[in-house]
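Taken in sequence, the protein lines are chains G and V.
Numbers 19 to 233, taken from the working numbering, label the letters of the first sequence in order.
Numbers 12 to 353, taken from the working numbering, label the letters of the second sequence in order.
These are calculated hints, taken from the structure and not from any lab test.
Treat the hints with care, since some could be wrong.
[To be verified] Result set (DSS-like, lysine-lysine): computed pairs, CA atoms no more than 25 Å apart in a straight line:
(1) 311(V) <-> 349(V)
(2) 198(V) <-> 53(V)
(3) 140(G) <-> 212(G)
(4) 23(V) <-> 314(V)
(5) 204(G) <-> 270(V)
(6) 237(V) <-> 270(V)
(7) 314(V) <-> 288(V)
(8) 282(V) <-> 270(V)
(9) 56(V) <-> 199(G)
(10) 346(V) <-> 314(V)
(11) 109(V) <-> 140(G)
(12) 23(V) <-> 237(V)
(13) 90(V) <-> 140(G)
(14) 199(G) <-> 311(V)
(15) 53(V) <-> 68(V)
(16) 42(V) <-> 288(V)
(17) 36(G) <-> 56(G)
(18) 311(V) <-> 204(G)
(19) 270(V) <-> 212(G)
(20) 140(G) <-> 152(G)
(21) 237(V) <-> 42(V)
Single-letter residue listing:
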Amino acid sequence: MTEIEGIKKAILDGESIKARELTESALEKGASAMDVLKSALLVAMTEVGEKYQSREFALPEVLLASEAFYSSMELIEPLLKSDSGGGTVVIGTVKWDMHDIGKNLVKAMLTANGFYCYDLGKDVDPEDFARKAKEVNADLVASSTLMTTTMRFQMEIEEALRRYGIRENVKTLVGGAPVSKEWADKIGADGYGKDAIDAVKVAFDLLNEERENER
Amino acid sequence: MNGKERVEAAIKFESVDRTPLGYVTWGVGAKEANVTYPQYCKSSKNFADGMIKFARKYEVDLITPGTDVWFVPEGWGVKVRYVEDVEAYPMLEEVAVKEPEDYEKLEVLDPRRDGRMPVVLDGVGMVTEELRDVAVFPGLFSPLTVATHVRGMQDAMKDVILNPDLLRKGLETATETLKELAVEMIKEGADGIFMAVTRGSAELVTEQQYLDFGREYDLELIKEIKEAGGKVILHVCGYEPFLDIFSEYPAEIINYWDKSGSPGSELSYVKKKYGDKVCLATGLDQTRTLLFGTPADVEKEAKEAIEKGGNGFILCSGCEVSPATPEENLRMVTKVVKSYRG
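The following block holds chain V by itself, in its conformation from the complex:
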């Protein structure tokens, strides 16, 4: 089986020759391409080069190519500061929605023209062309997350209470833009979309607030992805994610952080509760184990996850794998998936 076939089988809960391996891959690309972060996220070639090298080096079955969170919001005029360093993510300098009324001024963007979307789309095309045997799910952020990037997290969160109708205007525009972007990513050969829902946890909003400002727009976007022939990995970020809500979404895979320590997040529990509905992608703690652990820690964690995961499971980092992650730790994960059957 190749990577694409393994991921496909995991989605269908069929048996696999070995547990599929995936990572949430964004910043690691700059390191692999041996360029600074700005050189990585402003160049399709460097972006694709970094993703391809990472995928080949660690023999992954699934990657989620992405540059940073600003490649869409820059199209609306969000200003970002770049620092010429391999680990310096672009930093927000100025939001586009300065006053709540500005939500109404946002226009639906053209992914082939606006922001750095053309760079990302071209890069995705290069990645899918080269990695034909790997499941490629390029990343984009959910409409509510994008609204917080365009408005600023603090003000967008206050808008939930103070300016709900204007916030909804912004969410509508973001959703339309993301729908067009997702369709273009699939046209570039992507198997589906890695949809990062990074505002769907109890540490940020209440469940009702997410139902009011998140779900409707997420579902609209997912519907569009499906209609374009793509699959969906729902990346549910953070502490206490609303898995009850997200497990009902028509996504093929849910990626979440099983080692967050939040109630109800442990893999066996989640597998039992939702694991017959949706394939889970998790098991590797991107910080404690991959970044700061030893190869022995990594080996233990990967084996435990494979044992708990069974069918319908992809061994994956719970969130983005840091570019500072030691190579020997990532090589150990590869070794485990290739040799351990649980």
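One chain only, chain G, in its complex shape:
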């Protein structure tokens, strides 16, 4: 088994130490960071997503796979360009909400797909989303919430982006258990991601649409 295949398997098996060791070995033997990302990490995380959607995997397996993914990603990230072709994302869980598993999974899938994510963590003020988006010239602001009482902060992110004068330059993506397409439309968000896989697809669609418009 090659290192690349080994990294894939280690991620699927949720084995962080093995994933890291094999990534070190692959890089030492001359594999490029982009090779590792595209041929191992992206392929593995796509399969993790498929297994989750088919219910072969659930959260325990997905979390361990994500951890293994990050143990490899930590090594290759400094070697990649800041934006590996996807785009720059500011991501976080909204104010007064500490539920960050969904956000972390979206971040992992976006990262595997070449997006560069600035993760603001959880309980993030709307203002902080806007400030960071302006600072890093983000393409996308992604926010998550698990509670109906904190959904309104996704609306406040829209307002904060307008106050910072960057709403026209950035796409917004919302997600979380009580969130829906209707909610996204109501608050003027550009997209809604049902789960981590869907979020990546929507992110690509939004940014491709933006790039088409710029041509």
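Start from chain G and add chain V according to the hints.
Chain V alone, transformed into the frame defined by chain G:
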């Protein structure tokens, strides 16, 4: 018939003068009591005041008094941050089980002494004293859910694979604590327990993982509730709940989110498949319809649910009703149940 009688009749699949109405009531209490969330969840009086006002205002037949998810875990040392706002739920700051071995250090709590359980118990007593005509099912969370609150969701989920034996130690302690809490709630006059199983869905664990880490402890808790003379509403949260598993539990009522859009969740289908075994409490989408819909949307949804529900049915929100829910929407639900027979 009063509310308690209606709910009792629905449990027995007997006819009722009108469809019983219930809500999953937690955070709405702070708004009704006109206090901030910390003032609500740290004061028995405010907690009871909020629940009683909500129940009377909307003429409900069933309520599930609760403050928040931390009133038990705080007893084990979980640290929570409070913000003085009516809608700011307490937020987890620090878990109690930092390392898997810490599960073994947890001790069975005394519900009359530890965490905010005394506040909740006293509040439940005030609610049952005042709402004698309403079915009162105070809420607690299932052992697996509590384990995730004490350990942190992410680490507890990983423990399912990495540290199953230690996780089981934690589940045993949580179960013993919850058994004692449930018995005390029933002593305070509760008709039964609203047992929130919020980790029993395919979006979180596999069916086998739930059988391994959820069911055994749930059943032990339910047995204790029954022995204490209480009934059980099983609140099955989330997308793709394991209704095949939960319909076999000896619970009187299953409350689930029929509008989640997940396969096999639609009310008519569930009613046909499990509705002769257990009374269902659902029909109102707490987010799309109650929170964001118009009174006309609410009226349509409530009427459809009543038509599908028949006997053995309680019109209820599929999950917690948000404190931000417009009053006119809740008033419309009351109007429908009082006037519409299906």
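Now for the hints, and whether the structure bears them out:
1. 311(V) <-> 349(V): holds (14 Å)
2. 198(V) <-> 53(V): holds (21 Å)
3. 140(G) <-> 212(G): Within the cut-off at roughly 19 Å; holds.
4. 23(V) <-> 314(V): holds (22 Å)
5. 204(G) <-> 270(V): Holds, because 19 Å separates the two Cα atoms, which is no more than 25 Å.
6. 237(V) <-> 270(V): Cα-Cα ~30 Å, so violated.
7. 314(V) <-> 288(V): holds (23 Å)
8. 282(V) <-> 270(V): holds (14 Å)
9. 56(V) <-> 199(G): violated (40 Å)
10. 346(V) <-> 314(V): holds (11 Å)
11. 109(V) <-> 140(G): Satisfied, since the Cα-Cα distance of roughly 19 Å is no more than 25 Å.
12. 23(V) <-> 237(V): Holds, because 16 Å separates the two Cα atoms, which is no more than 25 Å.
13. 90(V) <-> 140(G): The hint holds at about 16 Å.
14. 199(G) <-> 311(V): Since the Cα atoms of residue 199(G) and residue 311(V) sit roughly 21 Å apart, the hinted pair holds (cutoff 25 Å).
15. 53(V) <-> 68(V): Holds, at about 23 Å.
16. 42(V) <-> 288(V): violated (36 Å)
17. 36(G) <-> 56(G): holds (18 Å)
18. 311(V) <-> 204(G): holds (21 Å)
19. 270(V) <-> 212(G): holds (15 Å)
20. 140(G) <-> 152(G): Given that 25 Å is the threshold and the Cα spacing comes to 19 Å, the pair holds.
21. 237(V) <-> 42(V): violated (33 Å)
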